[in-house]
Amino acid sequence: MAYHDNETLKKEYGKLVKQKSPKVTLLKNCLWAFFVGGGICTIGQLLNNGYKALDFSKQEATTLTSVTLIFLGALLTGLDIYDSLGKRAGAGSIVPISGFANSIVAPAIEYKKEGYVFGVGAKIFNIAGPVIIYGMLASIIVGIGYYFFGQ
Amino acid sequence: MEKFIGSQTIQFECPPHILGASSIVGPKEGEGLLKDYFDLILEDALWGEETWEKAESKILKETIHLAIKNAGIAIDDVRYVFSGDLLNQLIASSFAIRSLNKPFFGLFGACSTMGESLILAAMTVEGGFAKYCVASTSSHYCSAEKQFRYPLEFGNQRPPTATWTVTGSGAVVVGNHGQGPVITHVTPGRIIDLGVKDPMNMGAAMAPAAADTIVTHLKDTNRKPSDYDMIATGDLGSVGKELALELVKKQGYDIEQVYTDCGVEIYESDKQDTHAGGSGCGCSAVTLTGYLLKSMKAKRYNRILFIPTGALLSTTSANEGESIPGIAHGVVLENIE
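Protein chains in written order, with our numbering: chain L, 79 to 229; chain A, 1203 to 1539.
By construction, these hints were calculated from the structure, which means they are not laboratory data. Bear in mind that the values here come from a model prediction, so they are computed numbers and not experimental data. Note that beta-carbon positions come from the ideal geometry of N, C-alpha and C, so glycine has one too. Mixed in with the good hints there might be a few duds.
Using C-beta positions, here's what the derived DEER-type ranges look like [stated by the list, open to error]:
(1) A:R1360 to L:K191: 23 to 31 Å
(2) L:S135 to A:E1524: 51 to 59 Å
(3) A:F1310 to L:L157: 32 to 40 Å
(4) L:G92 to A:F1310: 24 to 32 Å
(5) A:E1251 to L:S135: 47 to 55 Å
(6) L:I211 to A:K1426: 52 to 60 Å
(7) A:E1522 to L:E192: 20 to 28 Å
(8) L:L105 to A:K1271: 52 to 60 Å
(9) A:S1296 to L:G221: 45 to 53 Å
(10) L:D83 to A:M1203: 34 to 42 Å
(11) L:E192 to A:S1428: 51 to 59 Å
(12) L:R166 to A:C1216: 51 to 59 Å
(13) L:I121 to A:S1296: 44 to 52 Å
Below, computed lysine-lysine pairings styled on BS3-like, alpha-carbon distance capped at 27 Å [what the hints assert, rightly or not]:
(14) L:K165 to L:K101
(15) L:K165 to A:K1348
(16) A:K1399 to L:K101
(17) A:K1399 to L:K89
(18) L:K165 to A:K1237
(19) L:K88 to L:K101
(20) A:K1256 to A:K1237
(21) A:K1399 to L:K96
(22) A:K1451 to L:K96
Here are some chain A residues pointing at chain L (derived, C-beta under 8 Å) [said to hold, decoys possible]:
(23) Y1352
(24) P1353
(25) L1354
(26) F1356
(27) G1357
(28) N1358
(29) Q1359
(30) P1362
(31) L1396
(32) V1398
(33) N1403
(34) V1441
Given these sequences and hints, build the entire structure.
What follows is the structure in structure tokens.
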């Protein structure tokens, strides 16, 4: 048996691992993601229509829709339901805004025991942090592009 | 007479006894395939504590107390405690053993810790440095998820190669005389790394180390796989088990008839949603102290090669793109008349 600097053996083993490891069930995962993700968006649209029907302006209705979905995501996380959904739906429940709520509430629950400053405060953006950073970066790049070429 | 044989193996002159053992597991393990073998199944993974870490420490502490009781000795008789776990700086072990008031060796062998602690306890006892020693380890699904992966409530997806960290602890009292099976040989393992980088496929990362220790052990002792009633690796899961079989076969040994893996034995993976099986220090520990030793007591198995396996990675090494080094320690348990 060889040591870790034997590249040929590592390559051979890599092939064997690939062959023996069960594949991710892509189609099933896609269907789950499509229907759960689509379902969340449909709920969002219904909420939006509902708020508009209640005579909120377009902008107010959009904000209220986001707020409601974030609230629902947070509530379902606290009730130990959202992670069971995410286990099956994957990106279908992570990508919508309710998933963003889940990614913030989950660390808040987990790290509360380490205190409000070094626990919740320091670690609440453990998962959502990268999304915020790169979201901001992307908006800056798009903004610069818009400034020069968009008008 | 020299006690070391071959390249890595130790053959004990006066094989130390396993005088007593114990296992405490969480609720999920209590619904698994080995549920009838455990000493205590918890209804709640927190066991009345405030945090997962405190719960894990309590499980370990109570398991050690129970093993000492099962061995029929008093805590004062124990000379040294060998223990380790998965948490940073071994907090589960140190906080559990703080109240025992006994000299303590903290070990890190990742999920191979039950093997490492058994080997060292057996060597200490056989060397005449102690009459009784405790070898133990623990893991907890929730504290491990928190440290290595994501907060529990985060809705992420696990690939089919992922394993489920066992909540549980196993402890063994090793002594120089008395009843119970003996430890005749031990084969401490080398670190083997064949370049697997996926922390969600740890069975694949550890399989080469398991295969290396199995083959080395058989060569050192000049034995055949059929000399054993069972060869049980620690927590390779279904994927790693297949790979280990294949790698051992390539070295000219066919172990299929006697080979199993504790990670495959412990859960009913289809029903319990554990994907490739169980893992964690507790996986091999509770399978040993529950299933294996109780089966030996019933004389269903009389000679077992027990090989806990460990993946020596950290979240830092994984993020920095390092591959996952594996280790596996072999321990031979035998019923003697």
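Here is how each hint holds up against the structure:
Restraint check, A:R1360 to L:K191: a C-beta distance of roughly 24 Å satisfies the suggested window 23 to 31 Å. At about 54 Å, the beta-carbon gap between L:S135 and A:E1524 stays in the expected band of 51 to 59 Å. Distance hint check: the CB atoms of A:F1310 and L:L157 are about 37 Å apart, consistent with the given range 32 to 40 Å. In this structure the hint that L:G92 and A:F1310 lie 24 to 32 Å apart at CB holds, the actual value being about 27 Å.
Our hint of 47 to 55 Å for A:E1251 and L:S135 holds, since their Cβ atoms are close to 51 Å apart. Here the CB-CB span from L:I211 to A:K1426 is close to 58 Å, well matched to the stated 52 to 60 Å. Between A:E1522 and L:E192 the beta carbon distance is about 24 Å. The supplied range of 20 to 28 Å therefore holds. For the pair L:L105 and A:K1271, the supplied restraint of 52 to 60 Å holds, since their beta-carbon distance comes to about 54 Å.
In this structure the supplied range 45 to 53 Å holds for A:S1296 paired with L:G221, their Cβ-Cβ distance being about 52 Å. Under the hint 34 to 42 Å, the C-beta atoms of L:D83 and A:M1203, about 37 Å apart, fit the expected range. For the pair L:E192 and A:S1428, the supplied restraint of 51 to 59 Å holds, since their beta-carbon distance comes to about 52 Å. Checked against the hint of 51 to 59 Å, the C-beta distance between L:R166 and A:C1216 comes to roughly 56 Å, which is consistent with it.
Range check, L:I121 to A:S1296: about 49 Å between beta-carbon atoms, so the 44 to 52 Å window is met. Annotation: proposed proximity of L:K165 to L:K101 holds, straight-line Cα distance about 16 Å (limit 27 Å). Of the pairs offered as hints, the one joining L:K165 and A:K1348 holds, with about 16 Å between alpha carbons and a cut-off of 27 Å not exceeded. Distance restraint check for A:K1399 and L:K101: the Cα-Cα separation of roughly 17 Å lies within the 27 Å cut-off, and the hinted pair is therefore satisfied.
The hinted pair formed by A:K1399 and L:K89 meets the criterion: a straight-line CA distance of about 13 Å does not exceed 27 Å. Of the supplied pair hints, the one linking L:K165 and A:K1237 holds, its CA atoms being roughly 26 Å apart against a limit of 27 Å. Among the hinted pairs, L:K88 with L:K101 is consistent with the structure: their alpha-carbon atoms are about 21 Å apart, no more than 27 Å. Pair hint A:K1256 plus A:K1237 holds up; C-alpha atoms about 24 Å apart against a cutoff of 27 Å.
Among the hinted pairs, A:K1399 with L:K96 is consistent with the structure: their alpha-carbon atoms are about 12 Å apart, no more than 27 Å. Using a Cα cut-off of 27 Å, the hinted pair A:K1451 and L:K96 holds, with the two alpha carbons roughly 18 Å apart. For A:Y1352, the suggested interface contact is upheld, since its CB lies about 7 Å from the closest CB of chain L, less than 8 Å. About 4 Å separates the beta-carbon of A:P1353 from the nearest beta-carbon of chain L, less than 8 Å, and the hint is met.
Proximity of A:L1354 to chain L holds as hinted, the smallest CB-CB distance being about 6 Å (cut-off 8 Å). Hint status for A:F1356: holds, given a least beta-carbon distance of 4 Å to chain L, under 8 Å. Contact between A:G1357 and chain L, as hinted, is supported at the beta carbon level, the nearest pair being about 2 Å apart and thus within 8 Å. At its closest, the beta carbon of A:N1358 sits 6 Å from a beta carbon of chain L; the interface hint therefore holds under the 8 Å criterion.
Annotation: A:Q1359 was flagged as interfacial toward chain L, and the flag holds, the nearest CB pair being 4 Å apart, inside 8 Å. Contact between A:P1362 and chain L, as hinted, is supported at the beta carbon level, the nearest pair being about 4 Å apart and thus within 8 Å. Look at A:L1396: its Cβ gets to within about 4 Å of chain L, closer than 8 Å, so that hint holds up. Checking A:V1398 against chain L by beta carbon gives a least distance of about 6 Å; that is within 8 Å, so the hint holds.
Taken as an interface hint, A:N1403 checks out: its beta carbon lies about 6 Å from the nearest beta carbon of chain L, inside 8 Å. A hinted interface residue such as A:V1441 counts as satisfied when its beta carbon comes closer than 8 Å to some beta carbon of chain L; here the least separation is about 5 Å, so the hint holds.
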